[in-house]
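K.L.:
Protein chains in written order, with my numbering: chain A, 5 to 301; chain B, 230 to 654; chain C, 80 to 382.
In short, the hints are calculated from the structure, not lab data.
From a predicted model like this one, the values you see are computed outputs, not experimental measurements.
Keep in mind that the hints are not guaranteed to be accurate.
Said to hold, decoys possible - According to the in silico footprint, chain A covers these stretches of chain B (three or more CB under 8 angstroms from chain A):
(1) 277–288
(2) 303–309
(3) 312–323
The beta carbon of each residue, even a glycine, is placed where N, CA and C say it ideally should be.
The residues making up each chain are set out below.
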Amino acid sequence: MSELANLPGTGGRGHAIGRFVIYAVLILFAFYFLAPLGIMVSTSLKTLAETRTQSLISLPREISFDAWKTAWDSACIGVDCRGLAPYFKNSLLLVVPAVTISSLLGALNGFALTKFRFRGANVIFAMMLFGSFIPFQVVILPMAQTLGKLGLTGDNSTYGLIFVHIVYGLAFTTLFFRNYYVSVPDELVKAATIDGAGFFTIFWRIMLPISPPIIVVTVIWQFTQIWNDFLFGATFTSGPQQPLTVALNNLVNTSTGVKMYNVDMAGAIIAALPTLLVYIIAGKYFVRGLTAGSVKG
Amino acid sequence: MSFMRTSAFVGAAFAVSLMATSALTTVAHAEPTVEVLHYWTSGGEAKAAAELKSEFEAAGGKWVDSPVAGGGGDAQATVLRSRVLAGDPPSAVQIKGPNIADWAEQGALADLNSVADAEGWDKLLPPQIQKIVKYDGKYVAVPVNIHRVDWIWANPEVLKKAGVDSVPNTWDGLFAAADKIKAAGFIPFAHGGQDWQDATVLETIILGVGGADFFNKALGDLDEASLKSDTMKKAFTYFRKFQGYVDDGASGRDWNLATAMVMNGKAGMQIMGDWAKGEFFAAGKKAGTDFLCVPTPSEHGYILNSDSIAMFKVKGDDKVEGQKVLAKLIMGEKFQEIFNLYKGSIPARIGVPRDKFDSCAIKSMDDLDTASKGGTLVGSVAHEILQAGAVRGAFLDVATEFFNSSMSADDAVAKLAEEMENAKD
Amino acid sequence: MSSTELGTRPGGGMFAFVQRWISAIVVAPSFAASLFFVYGFILWTLYMSFSNSRMLPSYQFAGLDGYRKMIEASRFSVSFENLFIFGGLFIVVAMVLGCLLAVLLDQRIRAEGVLRTIYLYPMAISFIVTGVAWKWILTPDIGIERFMHEMGFANFRFDWIQDTDMVIYTLVIAAVWQASGFVMAMVLAALRGVDQEIIKAAYLDGASLPRIYLGIIIPSVRPVFVSAFVILMHLAVKSFDLVVALTNGGPGFQSSLPANFMYEMTFRRNQINVGSASAIFMLGIVIAIIVPYLYSELRERKR
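Extracted from the complex, chain A is given alone in its bound form (with noise of 0.2 angstroms):
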């Protein structure tokens, strides 16, 4: 904690006008990021004839959630009117094993590139960090045609994202976790070392347990990116293992079609919620992560 404000003479007149300024610049930036939330939240508790008549951005005059229920559970999306509630759980199976696997592999690479360093270590580091500035519009016909020659499409189309999520959140992982234990002693691990440990029983025992900081910075990065994706997941999938996004575009979307405002603002929130979620719950931890050595500083 930097205690400036705590330091001894900046109290009197001077301050209090200091303090006011300050929150005032605080608040009115609040406004700022908090004003595409609040037309939507204000939105999707609309009636929709309310959404035609009023304008958009608006106080509902009285609040419903009929939105909310439409966009849950009675939607049509395409042919099927059963809401955003089946995509939900195909983005929930999506995003765990994602989530975890490129995590432990960025933890496992992170760890072999800082503690048991090979030759060359820093070259492949580099190239593989290089991996997170290809734009993904690139790597879409190419990565089509390979997923078609390991099988993994049609209804094994889960698994294909799943492995595509994973091949490009590597760079990522890797580089939070290499980042996060290249600041810590290498002396802990030598002394492992001496005592006959090997290279898992050291990473299981002695890296993961001073890991969570960086594992929750990982995770939540991670979890955001795959459950916002949509370009991967409207490619890749078929059908009824489209993820949420997809099923959210397509509940938006209407080429020649009306228009539900409120319920399509409904279901972009729902949509929405897990991340939110997240970054409510353990965005203390998120800044604490960055604060332990995630990025260098």
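Got chain A sorted already, so can you dock chains B and C onto it with the hints?
P.N.:
What follows is chains B and C alone, placed relative to chain A:
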């Protein structure tokens, strides 16, 4: 190279382990199966598609739904390419116009002639539609509807207040009426400044100014002299004039919000295809009294837009059988009637009873007949019937760039000729 | 580099070999995946850019045809100019704002947790979710402009989203909204790690608060700015959903970005070679900025 091999091996091993963890409970189905990739994902469109599904299931089939929405099929086009490259194409796909021939040229589409011959499609489909769904003499797709693009939707209240008796049938007359509407304090034309909407208006003007033959020669054959002709310049001049009757807020506006402006009496007219009707009906408005539908000025012209379902080559008897059942159902009178009532369009085939359709749809049917016989029927460029892919894209680019800048008509035609030529090869 | 030898233990045969190379073996699958799925695919795209691929990939060589068409398309120059305007502004504004918020939040603020969450939450949501709301806010006749008119400011104008020259800045507004909270979190984390003794000493020497921040604290967390820069740049180059959700590239194609150009050409206009050429161009920009960073980053680590 050894790295490549290693990674392929690792990938394969990984895939195997993933599959091993999944309980492979797929049992061979004997029932006809289709997977339909479409972008009728919500509202009336989705209801229309659901109709097809229930008919298919009633016929003993299994329907796997793969809806992918977004920008009139952008996302869906991506998915289709990926699925074809992965060697796992969906059996039925919603694609339009020349895209069908393009896929057929790649050898990706299935031959539907056995169904077509048995059902006599040659007699049921107008020649313009046959041209779209046939490749090399074989049916490879099934048409579901015909949308008319060149409509004006007008609010009779606004027209009355402005002292306009009826929607004029010449462009000059239309602009004179627009002046009156403006003077009365209304927005003459509700418009959404998105590239496809700009192009929609431009193509109705080109048809009106140059006629059907000119339209086909310029935009269909991409004849350079026609593209650079004075007629085309005149069309752009009118397009600029049209812009003067649009409000400042048009840019980026969704078409349905523009329709709402006509509905709420803020604006007098909108140029848009017949899907706009759905918005009026959804708000409880009646054709003829609450809103008017009048074709944009032209010599009996008709700009056609049509959706169709193409059948891709798939393996497995259940899937092939599914395609045949689906094709037959789509062409059926019952489906064509219900689907088009939902969608605001008219049936693609001949012989569907008219009694349930509204007055605008009836007019569309009559005018289609006239235009078809008189040779004044043209395919829409903005909606991918006459042109698709890069050429259509170039038309959209120029239309929207012109509309959003102060480009002169001379520069516009030069640019149109250049960009369309460039996109052609 | 003493840690290189850590894995070595006396012994022989297979076991010793595995022990000696265990860490390389652990990294190998990920590295192989990266080689194939990143570098392999880049090579494939490079080849495609020289081919005559149209609707589906074709392996027939066509020289620089794809590049020629790319350069001739007016969409292309607009998209890449936009990337520099958008990317530059986005990175600078997000850094400054994130930094400002972090410093302010560092002043023992009540309800810090709530404010921090409010600033950070946009990172959790994609533009697929917030796109429509953003579009409404920015559209004059339904959004802020109308709101201000109703509040009595009749002359207030905010119609950038419909202005061909200004539309690119609306993308910046929404992108900054999404990413500056993340910068705030990173900078805040770094500020909390600064040695308090140095600050106290400076304070006792009579340095003012702004001077302490500008002269001592901010410079001491310099590395975090480098990390933030890299993350922001990666977001800028990859920006795609943002454009689709807010403007769909319009008015005209004035707000199109390279990723949108690439997507449009490859998937919508049946010009895979042109799309691939633009992808290679984008990668070139990324390499020009990232490689020096990676180089300095890793050389520093060697010390």
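K.L.:
Taking the hints in turn, state whether each one holds.
P.N.:
Here's how the hints hold up against the structure:
Taking a C-beta to C-beta cut-off of 8 angstroms, the segment 277–288 of chain B contributes 4 residues in contact with chain A, enough for the three needed, and the coverage statement holds. A count of 3 residues in the segment 303–309 of chain B with a Cβ less than 8 angstroms from any Cβ of chain A is obtained; the coverage claim is therefore met, three being the minimum. With 6 residues bearing a CB less than 8 angstroms from a CB of chain A, the segment 312–323 of chain B meets the requirement of three and the coverage assertion stands.
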